[in-house]
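Take the sequences, apply the hints, and build the full model.
Protein chains in written order, with our numbering: chain A, 3 to 337; chain B, 3 to 337; chain C, -14 to 295; chain D, -14 to 295.
Check before you lean on any hint, since a few could be wrong.
The following label-pair restraints were derived from C-beta to C-beta distances [as the list claims (entries may be wrong)]: (1) B/Arg122 <-> C/Gly134: 41 to 47 Å; (2) B/Ala213 <-> A/Ala308: 33 to 39 Å; (3) C/Glu246 <-> B/Met238: 23 to 29 Å; (4) B/Ala265 <-> A/Gly19: 56 to 62 Å; (5) B/Ala265 <-> A/Ala265: 48 to 54 Å.
Simulated crosslink set (BS3-like; lysine-lysine; CA at most 30 Å straight-line) [as the list claims (entries may be wrong)]: (6) C/Lys89 <-> B/Lys318; (7) C/Lys162 <-> B/Lys39; (8) D/Lys242 <-> A/Lys318; (9) A/Lys39 <-> A/Lys297; (10) D/Lys242 <-> D/Lys89; (11) B/Lys297 <-> B/Lys39; (12) D/Lys242 <-> A/Lys39; (13) A/Lys316 <-> D/Lys89.
Just so you know, the hints here were simulated from the structure itself, not pulled from any lab data.
We put the CB at the ideal spot given by N, CA and C, even for glycine.
The residues making up each chain are set out below.
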Amino acid sequence: MIFAKELGDTLRGALDGDRRVVLLGEDIADPYGGAFKVTRGLSTAFPQRVRTTPISEGAIAGISAGLALAGYRPIAEVMFGDFLTLMFDQVVNHITKYQAMYAGQATCPVIVRAATGGHRGYGPTHSQSLEKHFLGVPHLRVVAASLYHDPRVVFADFLGRDEPVLYVEHKLLYPQHLTLPVHGMVGDLIATSDCSPGMLPTIRLSAVPAAECAVSVLAYGYPALLAAKVVERLAMQEEIFAELVVPAQIAPMDWAPVLSSAAATGSVVTVEEGADGWSWGSEAASVLSRRLFGKLRRPVDVVASAPTVIPSSKTKEAAVLVGGAQIEAAIRRAC
Amino acid sequence: MIFAKELGDTLRGALDGDRRVVLLGEDIADPYGGAFKVTRGLSTAFPQRVRTTPISEGAIAGISAGLALAGYRPIAEVMFGDFLTLMFDQVVNHITKYQAMYAGQATCPVIVRAATGGHRGYGPTHSQSLEKHFLGVPHLRVVAASLYHDPRVVFADFLGRDEPVLYVEHKLLYPQHLTLPVHGMVGDLIATSDCSPGMLPTIRLSAVPAAECAVSVLAYGYPALLAAKVVERLAMQEEIFAELVVPAQIAPMDWAPVLSSAAATGSVVTVEEGADGWSWGSEAASVLSRRLFGKLRRPVDVVASAPTVIPSSKTKEAAVLVGGAQIEAAIRRAC
Amino acid sequence: MRSTALAPARTDERLTGLAGEPPGHRRYRRMRFIRRFEETLLRLFEEGALNGTTHACIGQEADAVAVTEHLAEGDHIFSNHRCHGHYLAHSGDALGLLAEIMGKEAGVCRGVGGSQHICAPGFKSNGVQGGIVPNAAGIALANQLAGNGAVSVVFIGDGTLGEGVVYETLNMAALWKLPLLVVCEDNRWAQSTPVAANLAGDMAARFAAFGVPVREVGSTDVEELSAIAGEEVGAVRAGRGPRVLLIHTYRLCHHSKSDDERPEQEIAERWLVEPLVVHGRRLDAADRARIDDEVETALAEVVATARALP
Amino acid sequence: MRSTALAPARTDERLTGLAGEPPGHRRYRRMRFIRRFEETLLRLFEEGALNGTTHACIGQEADAVAVTEHLAEGDHIFSNHRCHGHYLAHSGDALGLLAEIMGKEAGVCRGVGGSQHICAPGFKSNGVQGGIVPNAAGIALANQLAGNGAVSVVFIGDGTLGEGVVYETLNMAALWKLPLLVVCEDNRWAQSTPVAANLAGDMAARFAAFGVPVREVGSTDVEELSAIAGEEVGAVRAGRGPRVLLIHTYRLCHHSKSDDERPEQEIAERWLVEPLVVHGRRLDAADRARIDDEVETALAEVVATARALP
Ligand SMILES: Cc1ncc(C[n+]2csc(CCOP(=O)(O)OP(=O)(O)O)c2C)c(N)n1
Ligand SMILES: Cc1ncc(C[n+]2csc(CCOP(=O)(O)OP(=O)(O)O)c2C)c(N)n1
Ligand SMILES: [Mg+2]
Ligand SMILES: [Mg+2]
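Shown next, in the form of structure tokens:
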């Protein structure tokens, strides 16, 4: 099943198994089933708890907050992650504030799902990966979909806890098949899963054991898929070995597996599709440079997209967004 | 004159000298003159171009965008920087997009002024320094008020250019007097001003020349004032010498003066009042660790506030927000 | 229907109403309680015993008392920056609120929330304008899904009608027939801005245009307001969808702790028709004096207790 | 009053109107131009010659043609994701738009903006719902400050009435009497959602409640629309503050390039009263055929030119 369907299945399971789950979002009802069809079939099966909404991102988030305060488990879909901007106030000043500002007397476990990312020519306002602006919002977890993490496990974690979370789903993952580790392998790569207490698993992929790898590549979401391809190809064709480290949760980070990989390889590249500067990789570089001071062979390299608008034109878009070529170049530099 | 008045004077000068300047904001009209009185007198002097608005932060930003697109120079006041969240969509998807997405055929030089910061017991939603979430928005400059930078120079720069800018004014600066460098001194500290082409000046303050300092302290806004006091005291009382580096523009950064100071001292501490994690200092640590790889004695230390809500209670607030004690401890560690 | 206005903890019937006391006395007592609490706060601020900020609801006590009377266990109130009256009418918990504003551990939110961010069973507030409206609507949706017949009430001010999310929410609440009561306290000013400079068109029509029935009343009379609030709460509880209770009233004190630049004459006129005056006339002088005394004594105890708290 | 609909660059009078041609012919031609441009785009998409997405305005051409007729040099249009008709009626620049959507350097925004983000003198669009309304109001404020008598027009859809910033802006525009014309094209659907599932209350009343006069018309007749639009633009230009032109119309094609799940019967009925049919009846068959031919030839040239561009 493609990822969009796996995710839909996950949501169906959540609705089925937990009466507190409510889905809200624009155009999510049948027969349309959402702009990316993730929720197809769900409003038919759960008409009361799957609600298509007006084009009101602020109120979608705000109503979700109220549901969550009242003990429900709202899952709000943002049609394009670009419009997370319109939820920013609810996320920053309401959803993530309530528990702490009420001294623990309330919880507000809103789950926001957003379709993010480019490479589809949708242009400047429908292609962004804006999650970097939500990293470091106190009390917000940010989790990224990947093909190496079963969304069922991820959502079971979300629903089992009382914290708000932003879940970003890169559009290009929707039509892909999940590639979960099977017998310790993902394709031709060795796969290990590390997980600190209370964290979601981080998947590590490499052709040879980490100790024999020359560089650690830290990536999430769609760029992790691109990076996996590069890692695999470089290993096969050139015996250049890198370990790819793919967390599910990108903030706060479970640094342990990253530190373990980086300590083994002595060199780190971070990869993300968001715009360069004050990005996910900046914090990684900051933390790793501190925690592994004197132990890295070279500085942490942050690979991110050009800090400008994402053009609609295919060629111009490709020039702005991080692609396989930049990842490969960074890995080569970092070996 | 206290900073609030200097700023008001600056705005008056701007309105006087440039017919394109328009001020918008909540309760900015006379006799009230804004929650922090910065605009007092201005609506009387310029009734057409100084407009108090309804409580509509999104529209304030959006109307400012339109004014700017039409060739005006809007300066929008956000009563509490906490409500910048409600402008996030306009800043990210409108104001900062237009020039690049229209291939340079339009410019949108909106100036947003926001009163930020805590230490006044205003509680979780009126005390934040949320500017970190605006750092790294492509095509957005973020500039922080400080007592070492003349707001007249800063606003002349804003009005002389075609780019949008977010100007954050820490509330605790309003009642303070500007302490601009005079004959190369600020009080008992040697002051130098560095400035790369196209950037705003960065002020460097130290009791002895940088080469004799043991650590560089990078700070902006109110924490820069706290840091200056610590730097001065440690120099006087204990002959511990640090160089304080205070940029006006905090994103994108003019790294040259920072690199120059850090190269001289071999040790860096960054200080900010925003919440820890994916903060201003993260990028600084990332960049400095890369650019000065192997040249720093110790890892870059990022000092920021605890990543949680800012309590209303004075003692609890002080425990969350960065204060002089943390700055001093970090400087001592970093020597 | 049991009123949530008498939460078990930390209430004092001298503040919230004596057993068997006539409703008119009880209402007067409660309004007096709120008034004196706010005045006490302002005094404590001047004294320097408090930090942060506070927004007194002096002049608007009747709204809080009238509305909360009709709420039951399970109902929920969402309030704003000017939330003390709503909270006290709901819970009677003067000590918890005062301790909170004093930043003490015994405060309802342990001093984290402060004046604008209060949480207690059936009650929450947030100092960001507008965003509480969808939050309250979400609670209403939860009630609807649970089928528990509970009502979600949100208090907003006239100035808050500037925030777009209010309209987004009215629309969705009406579409989904949510059991939501919006109480809009039009006190004629938003901080320093008179309603005419903030609001174009017609206030009541704004709600109606989104399919939300509006009950409009210009009154500071707690009896009148209570009768109307009862009908409105009842209609919402009956499942007929969201409603708005639009009360034209007046803020008698300054916005927060700062200057008041409003015309003195305007304020003076409103003091003549403030809730205690209007309703106080219905009590005989001796009853009034006794209630005033009881409130005063009880509040003094609260203040003393709060001061002594760690 | 010179129409901005005839920008000097890259226009072709076979698309925008022949010199001396009767207005009825010109209107038909322009609508036909827009229709065929959109149909051509959809074909090119299917062919794989384009990337990204597109939102065709098939069925709504009359709105664009009627409104832009009354705009003059210095006026400004802000449009949304469904902006091709507005842009073509304004500028006639088929080549610039097609090149843009093809991602070519000769595109109006050099391929950066793409279908939803167009900029040309007197015209801008943005694909984020709602936010363009305050942007257009800001331009109106600029015009007011400059005293230049220019009008700022913003096109929005029915679904966009879900966004709160629209109401924030209506309020401010009314308070400040800004020369802003909001053209709301109610095409009965927002993506997959029918208007009834998106909007509670009364659409026209929503504007009126904010003090903005509304002119409401259900029509696909360009002549009727043009007369009304002329009055509305005139009233705004006269300085009497913002106004809304609310047009009930219909989107005949799918939302973007994806599936259309609307009832076939409903769509079929609307094809019987679409703008070209309604207005086309006024032309005799020979004129129609000639104009159709001219448009076809001119557009074919545009497509060929665009294809050949680097
Ligand atoms: C989003 C937001 N913007 C601005 C403010 C600052 N502020 C606090 S109260 C207030 C005025 C509110 O007026 P109104 O809604 O009429 O309530 P009132 O104070 O009159 O009770 C303002 C502007 C805020 N708290 N939240
Ligand atoms: C803020 C925002 N939310 C969601 C979308 C996705 N979206 C694009 S068009 C559309 C429907 C718009 O409906 P309407 O306003 O009626 O215009 P129409 O498409 O019918 O012309 C939606 C939801 C968007 N572009 N912007
Ligand atoms: Mg008010
Ligand atoms: Mg529509």
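How the hints compare with the structure:
no.	hint	result
1	B/Arg122 <-> C/Gly134: 41 to 47 Å	holds (43 Å)
2	B/Ala213 <-> A/Ala308: 33 to 39 Å	holds (37 Å)
3	C/Glu246 <-> B/Met238: 23 to 29 Å	violated (45 Å)
4	B/Ala265 <-> A/Gly19: 56 to 62 Å	holds (58 Å)
5	B/Ala265 <-> A/Ala265: 48 to 54 Å	violated (27 Å)
6	C/Lys89 <-> B/Lys318	holds (10 Å)
7	C/Lys162 <-> B/Lys39	violated (44 Å)
8	D/Lys242 <-> A/Lys318	holds (22 Å)
9	A/Lys39 <-> A/Lys297	violated (47 Å)
10	D/Lys242 <-> D/Lys89	holds (20 Å)
11	B/Lys297 <-> B/Lys39	violated (47 Å)
12	D/Lys242 <-> A/Lys39	holds (14 Å)
13	A/Lys316 <-> D/Lys89	holds (9 Å)
Of the numbered hints listed earlier, those contradicted by the structure are 3, 5, 7, 9 and 11.
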